[in-house]
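All chains should be modelled from the sequences, with the hints used to inform the complete structure.
Quick mapping for you: the protein sequence lines, in order, are chains A and B. For the first sequence, position 15 matches number 21 in this note's numbering, and the numbering has no gaps at all. For the second sequence, position 69 matches number 75 in this note's numbering, and the numbering has no gaps at all.
Careful: at least some of the hints might be erroneous.
Listed next, the in silico DSSO-like pairs over lysine-lysine satisfying Cα-Cα at most 27 Å (straight line) [unchecked claim]:
| # | chain 1 | residue 1 | chain 2 | residue 2 |
| --- | --- | --- | --- | --- |
| 1 | A | Lys56 | B | Lys56 |
| 2 | B | Lys128 | A | Lys103 |
| 3 | A | Lys101 | B | Lys128 |
Hints in this document: simulated from the structure, not taken from any laboratory.
2 protein chains.
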Amino acid sequence: MGRTSTAKEKLLDVAFKLIWDQSYGSVSVDDICQQAEVKKGSFYHFFESKAELAIAAYEEHWRVKQPEMDRIFSSQTPPLERLATWAQFIYEVQKLKAAEHGHVCGCPYGSIGSEVATHDDKIRLKCEEMLGRTLRYLECAISEAKRDGVVDCPCPKAAANQVSSFVMGAMVQAKIQNDVEVLKNLGPTILSIIGEKKSAVAVTT
Amino acid sequence: MGRTSTAKEKLLDVAFKLIWDQSYGSVSVDDICQQAEVKKGSFYHFFESKAELAIAAYEEHWRVKQPEMDRIFSSQTPPLERLATWAQFIYEVQKLKAAEHGHVCGCPYGSIGSEVATHDDKIRLKCEEMLGRTLRYLECAISEAKRDGVVDCPCPKAAANQVSSFVMGAMVQAKIQNDVEVLKNLGPTILSIIGEKKSAVAVTT
DNA sequence: ATAGTAGTTGACTAGTCGGTCAAGTTGATT
DNA sequence: AATCAACTTGACCGACTAGTCAACTACTAT
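What follows is the structure, given as structure tokens:
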């Protein structure tokens, strides 16, 4: 019944990209509509506010991204290798994004979360949820590494939090310094945070 | 010559606080003027733009904060103790701020930097500078720890970057989860990042 | 064929934004 | 006491903000 439309999908896609490339506050509904080639009236046919669009856009982005995360954190891969692949993946994505836009874009969740956490609780909660999903991958990998005895770590959940903090902070730093190379070698530090056994691993810039 | 005024100082102080509590984009010049009890005309007598005010406000904040940093990172204190005190200091400041405003405010430099880095290069550079100043304290402490042989770390500068990333990321995470307790025990993780020798230190939530 | 609904359109609010300015006031210097 | 620079004031600007709405159109299910 009624006509069909791709406007909603275009809006979700454009909104996520623009907010990631710039920021939530500096991207206007008009900007999003223009880039998506959708009139503002249509925007408000699909979404009841800018905040609701942002939340939907981030949820949609996760839906698309999840299979890749499942692949990276596959049980078929040794747990420490998962973490290394994830670190490398982050670097590659940021490098691509930076080349495309002329500046480092940072973590999409961390950026919007840090920006609006103090004055938009709904968006803050969505970010918290996304963060939680990532933490689950990390915790799972770390506790398996512990079970395998390749890691010396009293609490995998706490370790997952620390790893997540470190990686998110590195992305903030890369964004502020506008230098993607900050993210080049996150792997070894991640390992030293979770207390890998083995021999010493070189920690370089 | 001419009359004197405290308007400039009030504007710097109020601006820093409001931007820290909220965000750069969501705080208007009118907000700042109202809170500082200064008319907008006077604002533009002292500052040529909102961005210039922000930069000046951050510089002024550092000027006030530096003596405390000098004290924390005093050469009179053993290097690893400096780091522990710094970590504790961050927790205390954030706890106070959170109690005052009802939400975790996060790192003032990281928040504004992450928000505007992609569309205001002047502010981005100021944040980069502030970050650099902090890194100098860290690098100095870490290289002294290395010299004292209490730490096993190939490159103090890289280690300082990693520590800074971890702490900044923890502040982002605390802000997004609106939970200051995330910052309660940064010390042990900092030590494991820089490769402290000693026996194992409990890493808890 | 047509009814009915999903989607489109553009003109429209009402408020806010950063920023300007000319005229007025104050107070330290002479 | 007079001067003049430093500071204050409030009205004002045009651009932009998120959001509204009634009229219109196209498509799908019958």
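Now for the hints, and whether the structure bears them out:
Restraint check for A:Lys56 and B:Lys56: the C-alpha separation of about 25 Å stays at or below 27 Å, so the hint holds. Between B:Lys128 and A:Lys103, the direct Cα distance comes to roughly 22 Å. Compliance with the 27 Å bound is thereby established for this hinted pair. Annotation: proposed proximity of A:Lys101 to B:Lys128 holds, straight-line Cα distance about 23 Å (limit 27 Å).
Of the numbered hints given earlier, the model fails none.
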